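Work out the full structure, taking the sequences as your base and the hints as a guide.
One line per chain: the protein sequences are A and B, in this order.
The numbers in the numbering used here rise by one with no breaks, and the one at position 220 of the first sequence is 220.
The numbers in the numbering used here rise by one with no breaks, and the one at position 202 of the second sequence is 202.
The set of hints was computed from the structure by calculation and includes no laboratory data.
Treat the numbers as computed from the prediction; the structure is a model and nothing was measured.
Idealized CB from N, CA, C, for every residue including glycine.
Mixed in with the good hints there might be a few duds.
Have a look at the derived ranges for each label pair, beta carbon to beta carbon [as the list claims (entries may be wrong)]:
1) A:Glu82 <-> B:Thr181: 23 to 29 Å
2) A:Glu82 <-> B:Thr257: 34 to 40 Å
3) B:Ile80 <-> A:Tyr16: 32 to 38 Å
4) B:His161 <-> A:Thr278: 33 to 39 Å
5) A:Lys36 <-> B:Ser87: 52 to 58 Å
6) B:His107 <-> A:Ala259: 40 to 46 Å
7) A:Val15 <-> B:Ala197: 56 to 62 Å
Among the chain A residues that face chain B by a calculated CB cut under 10 Å, a handful are [said to hold, decoys possible]:
8) Tyr12
9) Gln51
10) Glu82
11) Leu90
12) Pro91
13) Pro94
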Amino acid sequence: MRNAYIEALLAYKEVYPEICVLDGDCSRSTKTAMFKKQYPDDFINVGIAEQNMVSIAAGLARCGYRPVLNSFASLLISRACEQIVQAVCLPCLPVIIVGHYAGLSASMEGAPHHAISDLGIISSMPNIEIYTPSTEIDIDRSLCSALSSSVPSYIRLSKNEAAKPHNIPICMYESFALYGKRQKSTAVVTMGGMLVECLKAYDTYTREEPPFCILSFFKFKITDRTELCDFLRSCVRLVILEDHYISGGLGTMIKNIIADEGIKTNIVHLGIKGFTETGEFNWLSEKMGIGYRSLLNEIK
Amino acid sequence: MKQHLKELTRQATEIRKLILKMLLASLSGHPGSSLSLVEIIVTLFRYHNIGKDIRANNQLILSKGHGVPAIYAYYIHAGILPASMVSELRKGGSPLQGHPDERFFPHLNYCSGSLGINAGMAAGMAKGILKRKWGTRVFTILGDGEMQEGQVWEAFMFVSHNNLTNLTYIIDYNKLQLDGTVDSIMSLGKLADKIRAFGLQCEEVDGHDYTQLERAVRQSAGVPSCIIAHTTKGKGVPQMEGITEWHSIHDPELARTVISEVLENQF
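And the structure:
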């Protein structure tokens with residue numbers, strides 16, 4: 001997703017000249033090195049100092065700049081949690097925080113580099129918008145929304161390629177996109193990089209109509225709750241698929257809405273149940289129960 | 001000169017009186033940490049164009065936010081806040097929050113409370129000011145205990161590497177922190193040497209001597225710098241000077257008794 005992200009960021013720089021990019025010694029991985037090449041005066045590498053990076057971004061925002069700071073999600077959000085709360089969210093500064101290598105997408109690096117708790121941490125903070133894009137369009141929408149907003153934002157990006165849905169009906173809503181036909185008894189609810197797994201599962205149905213549709217959230221804090229709830233009420237079964245720990249992520253968010261609204265539906269929650277390990281991405285995803293085969297097992 | 005210093009000393013006494021009055025009303029807060037700051041704050045406000053507009057005014061950031069009664073006291077003394085605010089410290093709905101909070105006290109461009117964070121925020125602000133070519137400075141007051149936070153040293157590295165010539169840190173080195181002396185908890189060692197090794201110019205002064213403070217502040221201009229201001233915690237109140245227990249009010253009735261007596265007999 002980082003390639004699509006940096007392309008979009010470079011395009012938006014022309015619209016928002018106040019953008020300045022910070023990176024914590026990851027710029028060759030996050031691709032912000034490409035931004036540095038074009039705009040060296042608007043790029044700051046703070047070195048391996050995530051807490052300082054967030055605080056510096058807050059100071060820049062107070063001078064009217066639009067800081068977009070980048071690091072690996074697992075290292076950034078936990079380490080700089082307090083700085084995000086106190087320096088950015090409390091005064092509500094328009095800082096954009098981009099967490100790369102979300103979920104298991106840096107699978108070979110091992111557990112410390114797997115961001116499986118970042119949404120739980122960030123969603124506990126007031127004032128901050130959260131984006132979990134899946135496709136290149138989502139990435140563009142996320143940046144557009146974050147830049148046009150005056151509040152802090154967190155954008156969660158997988159290391160893997162963005163999903164490329166094809167041969168599937170798509171309907172875009174404010175916080176989510178519906179893939180497939182609406183009138184299905186089973187809906188798979190997902191976000192971010194996991195849309196790829198959902199589409200893989202969808203594509204296995206070559207001779208028959210897939211028995212499910214997919215809701216993929218690109219905006220984690222839902223703003224079009226009425227539309228979502230109408231949809232959820234029409235489903236007999238929800239399968240929630242996320243690359244996050246089972247507490248604090250998408251499953252928690254959806255279940256809270258369902259409980260709040262008194263919606264009766266069967267829920268299966270496929271999320272990460274414990275600490276992870278090193279491995280090839282597909283192997284690791286299945287072992288953690290969130291790969292497309294795990295999803296198909298539930299659907300069948 | 002002597003007349004001038006007399007006036008500054010009188011101001012410091014008035015501000016200390018206001019700090020004590022505020023703490024008497026709230027029976028909550030940090031007497032020792034506020035009283036040690038007074039001369040530093042008077043020096044900066046008096047001579048260095050401290051204000052709200054980052055483009056036109058120099059910025060004062062109290063990173064050791066628990067000392068904020070000293071800031072509030074200055075604003076009351078200067079007539080920017082009404083005298084009646086002396087009874088509003090830490091009251092629900094009051095602009096005089098327990099730690100600096102710009103949401104409620106709009107004269108500020110920061111919130112503080114968790115130590116170390118504003119060492120970095122100040123660096124970002126200084127960097128932004130230089131990029132904008134506004135010409136203003138950033139003064140950031142750190143506590144000595146706060147120097148134990150790793151983020152402060154991350155900020156120093158950034159300041160030095162980016163040559164932030166418009167940033168001056170001032171350390172209120174009053175030797176005590178919540179649990180005891182700084183030396184017994186986590187000694188700062190040869191602090192000035194450490195700071196210089198991180199690439200900042202560093203001067204040491206008597207933090208209650210206006211002449212030394214002002215000279216150091218002037219000499220800090222144009223170079224990334226730090227001033228170690230040696231102070232006395234609880235300065236100006238003999239019952240509190242150098243005593244760890246007066247870091248914060250933990251016994252409201254004792255505080256009421258002692259502060260009332262001090263205000264009656266001393267101020």
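How the hints compare with the structure:
1. A:Glu82 <-> B:Thr181: 23 to 29 Å: holds, 26 Å
2. A:Glu82 <-> B:Thr257: 34 to 40 Å: Given range 34 to 40 Å: holds, Cβ gap about 37 Å.
3. B:Ile80 <-> A:Tyr16: 32 to 38 Å: holds, 36 Å
4. B:His161 <-> A:Thr278: 33 to 39 Å: Given range 33 to 39 Å: holds, Cβ gap about 34 Å.
5. A:Lys36 <-> B:Ser87: 52 to 58 Å: With Cβ atoms ~53 Å apart, the hint holds.
6. B:His107 <-> A:Ala259: 40 to 46 Å: holds, 44 Å
7. A:Val15 <-> B:Ala197: 56 to 62 Å: Violated - the Cβ-Cβ distance for A:Val15 and B:Ala197, about 44 Å, lies outside 56 to 62 Å.
8. Tyr12: violated, 19 Å
9. Gln51: With Cβ-Cβ at 5 Å, under 10 Å, it holds.
10. Glu82: holds, 6 Å
11. Leu90: Because about 5 Å separates A:Leu90 from the closest Cβ in chain B, which is inside the 10 Å limit, the hint holds.
12. Pro91: holds, 5 Å
13. Pro94: Since chain B brings no Cβ nearer than about 13 Å to A:Pro94, farther than 10 Å, the hint is violated.
In this structure, the earlier hints numbered 7, 8, 13 are contradicted, and the remaining ones agree with it.
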